[in-house]
Amino acid sequence: MSDEKKFAGYICTGCGIGDRLDPSQLESIATREGKMQSCKQHEMLCNSEGVQMIRDDIANDAVTHVMIAACSRRAKVEAFNFTDVALTRANLREGVIWVRPDADEHQETTQEMADDYVRMACAELRSMSKPASSGEQQLNKTIMVVGGGITGMTAAIEAAAAGYPAHIIEKSGALGGQAADYIKSIPTRSPYSEPQDTGVAAMIASIEANDLITVHLNSTVAKTAGAPGRFSVDIATESGAVVTETFGAIIQATGFNLYDPSGLMQFGYSSSPDIITNGELEKLVKASNGGPIKRPSDGKEVKAVAFVQNVGQSSTEKGQLSYHSGIGDLIAIKQAMYFKAQNGDCDTTILFNNLRTPGAAGEDFYRAGQEKMVTFSKGEVSEVVAGDSLEVKFKDLILDEETSMQADLVVLDVGMMPNSGPDPYAVPMVIDEDAEKTEEAEVKAPTVTVDSILNLDYRQGTDLPHLKNGFTDSHFICFPYETRRTGIYAAGPLRRPMDMRQAQDDAAGAAMKAIQAAENAGKGMAAHPRAGDLSFPKFRMDGCTQCKRCTVECPFGAINEDEKGYPMFNESRCRRCGTCMGACPVRVISFENYSVETVNQQIKNVEVPEEFDEKPRILVLACENDAYPALDQAAMNGVEINPWARVIPVRCLGSVSLSWITDSLNSGYDGIVLMGCAKGDDYQCHFVRGSAMAHERMGKVGDTLSSLNLEPERVVVYEVAITDVERAPKLINDMAETVEKIGLSPFKF
Amino acid sequence: MSDLNTAMTERYRSSFLKEVEANVEEGEWVKMCMQCGVCAGSCPLGNAWEHTPQKLFMMIRAGKREAVLSSDAMWMCTSCYNCIARCPRGLPITHIMHGLAHYAKRLGLSPKNQPTQQFAQIFWDNLMKKGRVNELKLGLSMYFKDGFGQGIKNAMANQKLGQNMMKAKRMSAMELFGGHSIKDTSGLQKMIKKAQEIEDAKIQGNS
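Quick note, the sequences are listed as chains A and B, same order. With the first letter of the first sequence counted as 1, position 581 gets the number 571 in the numbering used here; the numbers rise by one all the way through. One gets the numbering used here by counting positions in the second sequence from 1 and adding 99 to each.
Just chain B, with the same shape it has in the complex (with noise of 0.2 Å):
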């Protein structure tokens, strides 16, 4: 994807902006955004974040694209709307955020080790296989990403939940062996891939 990286970065190289507005969902709206902060005063985990909402847009605004696309904060988004239903001027906050994460993950730029970075992959990944979410396989995929020694670690300290859900019927062990699927795998399967390939398509035909 880094050739895709070069090529938007050689097509937009006077303006940032117009690459946002381009290529990232809800990207259109930036230029909208008046630098009032109340997404940034909004936000119940903007202190745990690098950059605000409102840092974010004028980093777009002043060009700095590489800082914006790896910065972790688009991905700390928890989704709650607080700055969509905030923002003076409209702006759809929450999925530009999105939008931004989609397109740093694209262009292969967003942070390598951000935990929910990770975790977004991950849970990908498992719903493609089935296209349904296996819990299990979900949970266990968290507990050993950073290694066989530290997922040991990770379901020793989860013991007691783990029995504890199983007890209640809540997870059953069986998942692990194939676990329930949807109707028609391939089907979805098939159905994802072409999407991929129209929005890549239109990305490749921006670059």
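The shape of chain A in the complex, shown without the other chains (with noise of 0.2 Å):
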């Protein structure tokens, strides 16, 4: 293919474009001014004979760039799906005449609206190249699981099915994780009323059998580099051995511990070894071996066991959970069924406060334990007294009296904590705002573990991001199996508490994941959220100033530095968000078809009309997940959006530069809005920290308006969700009230 570049446009007059706005007009637009070499209209674009139309162009005039104006960029995206040209899309439905008005009065107004939006394109398109992956590319269908527990075992197995080699590093001798010490687990099948079979056993088998799983016991890893389609991995024995193996993706399922409930004085359980955990039941069960239950201080039959409930759990106190595990009360209920199925008159009784049962299957269980005698009784507990006989002091919530009853054996109930390995980010990091979010985290959660798990070999840090209370950062409730670094996926306990179902459930879905990540890395594709994207930043490195913004910003790691301090750009880690993009002050790094550039041109072919013409220009940067789409749903519910706006689509708030806001408003724009996801703890940026970096960074362009002489109140940032149908909308026109408030810019010439 020739690197000649030929440019085409397309108008569609269907929908209603033909009759509201003048085609001709924008055809010559697109030809004269956009310098399209050539300009087609059709009466329907997007059906067959419209496309067909298009790809013959492609295939017989050697068209590389193509301009379609037409509707939004998120329509008809099937129809407009031209893989081996660079394209573009002037949004004249749900950006012009759905939010217009269709009067005599607004028709110059609107005219003007679409005229921009195909200079716009065009402009966009001519500094765009056609995205083409790097060529660094690698397919590598092995697939890592570090940790054999259940989560490990099924997303082995998982992978496996499906096809795809899977190597388990499990740090023990064995597999078979926490549930290996288990009797017996919640039932997952009806009736659910008895506890069963934990299948650990025949999970060992499955995979002792399995000639596509390797099984790497008593081992670590010592070192993970490179990147998805390429992870180099050195796994350490214990004997000291290490062996290095390459894979094409990774699943981290190594679960969790369990609350030391030692430093809660009142619960006694440094004080008496019949005070136990949950955890330590079941190991006290196994060794009876089906017979009498005997308690650890003098092994006489246990006929009393009280179950406290929610110990250390969804409190505020420091140093204790402030979430709680939710299947606690279901394992107690299991528990008490082991007492109950040894000696029917055991007293079996579970002190609980709010009974959690999830699910259907859980009220099932309930009853099953309420049928089997097991006492519950609302009470809580304030004080565990050892002794020959436990006593337990608890206020019964109920009867509204302080009471207590005595027992053999109290079982605490104590939460489960993710084995997640450090956050990179608890260590305060170049940016302030990061490391005031450390502090807090600090306060809040108690730290599991100190010693990396991955060790990645990454500039950010050695392992996977966390969110809070340990559990690892991903957009819960878009892509829950994700994490923030591409090609690694967090399966079972670690992302939040569960039980062994939902592991497993997790573990499928987290295997499939990686399967997805080491194929589309083996093709140059992005893995997720723009899932095929073929673009990738490029650095433009005799310009690069080694300020390492972008190493840091980025919220995926997938930057590392070289020992001079230059950027080392890794690309199947990125995700394509644009976040360094943003940061860059220099400008350096950029995509194929998104850069500075690309939307500067946009910026700048705008026509800014005289001050005296009293048209003033709003521009809109609007995420492409969340505001963007909200828009178009306005566009299609019939809102009204002022005429003066121009809306530019941007991958993610992160990639916004401030040389757009500048350039801007020196070229004499009145107001600027930006639109982004939500950020903080509940964010919902699909690049995770996208939007919390560009508020961040907005934050100072208060200067640049000063410097500038303009008032602050023309360049505002706001957190917009794909919900806010009504209210993206009215942003823009209040943007435009504002306007006429404070008047127009002085910096039209």
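The set of hints was computed from the structure by calculation and includes no laboratory data. Please note that the accuracy of each hint is not assured.
Pairs of lysine to aspartate or glutamate, EDC-like flavour, derived with a Cα cap of 20 Å [unchecked claim]:
1. A:Lys330 / B:Asp299
2. A:Lys25 / A:Glu587
3. A:Lys362 / B:Glu125
4. A:Lys330 / B:Glu124
5. B:Lys163 / A:Glu391
6. A:Lys213 / A:Asp224
7. B:Lys163 / A:Glu381
8. B:Lys163 / A:Asp224
Taking the hints as your guide, dock the two standalone chains into a single complex.
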């Protein structure tokens, strides 16, 4: 294919575009101003005939760059899917005619809007090139699973079932993890009335019989280098030997540890061997080998057992868990049944405040416990007194009285804490905001482990970043298995507390994602959320000042540094959000089809009328994930948007370069509205930190404004959700009112 | 009956809940209560009781035998069935309440001067004589249950009502002398006696 560029424009006149706008004027703008070498109109561009017309031009006339002026870039994606060319879309339907009233007095401004969108699209297209992968990509189908518990074993089995080899790295000498100690598990099958077999033995047997699964026992990950498709991992065995293996993707399934209740003096955990945790009870019962369950202190058979629920969980106290594990009450019911099965006369009392038995199965299991005469008492335990017989003092919350009961054994329901390794952002970093966040997190969450699990050879730390309480960070609602390290997926209780059934579902999901990541890495495509995107940031190294902002601010740790401090980019670790591009003060980072230049060209090619025309211009930079679809939806609902607005979709607000703001203010724009996703603990940003970064950077835009002698109200940053269908247009219209109030920009020429 | 009470206490020393399960009509349901409190909130007489059903069930589990059996709560139930209709766990609460009342009465632990409990006894005695309720005698028995002087006062207070009922032929003074009976009174009495024997044997067997 020759390097010659050929630009072609296509204007759709369907969906009322031809009736409301002047297509011939748009065509002449595209060819004269937009320098499209050809421009065609079609009455329904998205039908097979229209699409074929474009295809033919690409095939026969060597068109390399296509500008489609029709509907929103989010509509008709399937029809306008031309992979061999650079493509841009001018949004005349959702962007113009659907948000403007159909009346003669509005005709002029509506047409101006459309003219500008065509100008912008053409200008953008001219500074774009066709995305192509780097050529560095490798396909490696082998998946590494760290952790050989229920989650890890399931992940390996699922990957192998799909034909992908898996390696399990297990620290201990046997597979099975915590579940190997369990007698039975919470039932997952109807009628949900009896504890059921854990399935661990069967899983181990199936792994041993599976040729696609390799197990490394007594092993840890000494070093993980590389990127998806080419991870190079040093696996260290206890004996000191190190083997290096390569992997396409990684699943971390390192599970959880139980909270240590020693610090909670009122429960007397350290004062008597007969006060144990729910985890220790499994071992105790297992040791009884099906015989009478004997208490640890003197081997006497347990005739009365009290389960104290919610110990050190959902608490506001320092050093306790601020969250609840959710399954402790089901575990207590299951464990009470161990005693009932052994001796029907054994008194089993569950002391709870809020009994949580999630799911329909949970409710059935609760009833089954009641039918077996497990006593449920709503009470708040104040103290457990050690002695020959343990005294559990509690307040009966139904009868509203202080009371107590005697028990041979007391079982404390302690919570699950993720075994997720150290948080790479727990040490204060260059950015102040991160440091503040870390201090907060330290007070909240007791640290589980300080030993690194993955030992990532990444600029931004050795392990997966945490969200809070040590749980790994992911876009929790939309992309649960994702982490902030591309190609590395978290599964099981290091994501959130969960039971074995949920952990198995989780593992299967993570295995599928890992396979997808390995495959996409092999094709040089982005894995998520811009799945299939071939573009990736390129660094013009001769312009780089080694400021390290890109290496520090990349939310996914995609960029390493060489010894001189230059960025070392890893294409397959990248999510293509452009946060590095927004960070770079010297603008040396760009994508083939998205760069400082592509947006700058759009900004510059909007026609800014002179001051006495009294037609302001408002630049809207809208995140393509949430804000832009919200505006599209508003258009479908017929919500009016001010005709002065010119909306440019951005990959993420994090990719917004400050130069766009200064340049547009300098060229006479009157107001700028930035719309990103929610940031903070409950963030909705698809790129985790992008929106937060943008807010941080724009916090300093006031200085720019005052240096230009402009009012600070001219630039506003909002968090917009995809559901803000009414609010998003209103924010734009509000800016129009603001501009009217404070007057037009003095920078018009 | 206190002998039975002693025997029961002895037998179920460890668990009042088990005693209720074995001896109280529908008592096996008590363990299934999940303490949501819907019954307590649904009861139209709830605030007139010593204990709501929710509390009673909790007390049974907590082994508060004396307090449960001497409670007035079961005697205040009007059988409106609101609690049964609303219980999310489907407990026959009204029936359990009556079962508890019965059991308490049998053990001789029911509250002595509780008016509805007294009324229940008077009603029963009245019914057993002729096989049907003699309303005039039943009314008078209620008036005079707290002594002769109080009885006269009660009768005087309701004088007008009585006269009007007689005028409307809703009540006849002749009922004082014998009154109506069913065809086979002794047959009914035998039947009841047999039923009582069976029930006693069952309870004794449990004791």
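Okay, the hints, checked on the actual structure:
1. A:Lys330 / B:Asp299: Status violated; Cα separation ~32 Å.
2. A:Lys25 / A:Glu587: Within the cut-off at roughly 17 Å; holds.
3. A:Lys362 / B:Glu125: Holds - the C-alpha atoms of Glu125 of chain B and Lys362 of chain A are around 16 Å apart, at most 20 Å.
4. A:Lys330 / B:Glu124: violated (25 Å)
5. B:Lys163 / A:Glu391: holds (13 Å)
6. A:Lys213 / A:Asp224: Satisfied, since the Cα-Cα distance of roughly 5 Å is no more than 20 Å.
7. B:Lys163 / A:Glu381: At roughly 18 Å apart (the allowed maximum being 20 Å), Glu381 of chain A and Lys163 of chain B satisfy the hint.
8. B:Lys163 / A:Asp224: Measuring from Cα to Cα gives roughly 65 Å; hence the hint is violated.
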